[in-house]
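Enquirer: Chain by chain, the residues:
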Amino acid sequence: MDQDDRHFESFLRDFQPRRPRALPAPQTTASTRMRRLAAGFELAAVFGCSIWFLFRGSPPNQTANAIPTESTATTERTGEHLPALVPLTGLAIQDLVRLDAALTRASRSVLPDLQRKDSTLHLLAKE
Amino acid sequence: MAERRLCADEIRQLYDQHGPALLAYACSFVSDVATGEDVLHQVFMRLLQGNTIVPEAPVAYLYRAVRNAALNARRTVKREVALDLDAPSSMFESRDSNREAALTLQAALLELPEEQREVVVLRVWSGMTLEEAASLTGVSLSTTASRYRYALDKLRERLRPYRKEGSLEQ
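Chains as they are written, first to last, in my numbering: chain R, 1 to 127; chain P, 1 to 170.
Be careful, since some hints might not be right.
Pulled a few chain R residues facing chain P out of the computed Cβ check, cut under 8 Å [said to hold, decoys possible]: (1) Asp5; (2) Phe15; (3) Gln16; (4) Leu23.
Hints were generated in silico from the structure; no laboratory data involved. Using N, Cα and C, we set each Cβ at its ideal position, and we do this for glycine too.
Next comes chain R alone, as it looks inside the complex:
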């Protein structure tokens, strides 16, 4: 490479190659979008179920004071007023004494009462 070659190279370098257009933002594919949508639904379902479990059984504070009847015992067994699982799980972890008390309270409305005179089991036991 002689001097003239170097001058000519420098002359050529004065021509700047044009800048390419900007890179496009990476596109999300249809499968990625579907995966995200499915994950969103899954999260919503888990959240919804948790909320449902949380509030489903909490009102029966009144059940502790209510006089249980045969009919309520029947409906309880169908699961209408079963104690909520999430709070009970929390109690099981934190405080066993309170869990025991909560289960005893719940058992009054969920399990059949053997001591009432008009209860079916009491009558059957007599026979």
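Chain R is fixed; fit chain P onto it per the hints.
Expert: Frame of chain R; chain P shown alone:
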């Protein structure tokens, strides 16, 4: 040799830094700037998708990837339409004062045999040494050097009027 995945910022930085020279390199195979840009985007988008592992020093890899992608694109284009060697020039940025010279340079480059055009682009606009260009193109150093010499002679002849005017040599 150590290899790794590049993060998006590194990839975009490489694109900003080497994009013009890589585009010129792609254009030395496809001769159509739009196709050259497509080739470049194809290579960089593949990197952005994160599926490609590159060497620790990725620039040489980029040139090889652009070369392969450009050759593939040219095969496809050739099947679809005949290559348009008279396509309007936009390979170089040009001001009013040197637009004609830029057009002449583009035309002169297109007239060169591809292997000569390739080594000129690598040496002049990518700033590679002849050894690096030889390594990238897979030919001997002496062959690369003679290709470069022939190419410079032809370009010098074509661009003589513009050099005499000295419009670009300020």
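Enquirer: Run every hint past the structure and note whether it holds.
Expert: Each hint, compared with the structure:
1. Asp5: 6 Å, holds
2. Phe15: Since chain P brings a Cβ to about 4 Å from Phe15(R), closer than 8 Å, the hint holds.
3. Gln16: 5 Å, holds
4. Leu23: Holds - the Cβ of Leu23(R) comes within 8 Å of chain P, reaching about 6 Å at its closest.
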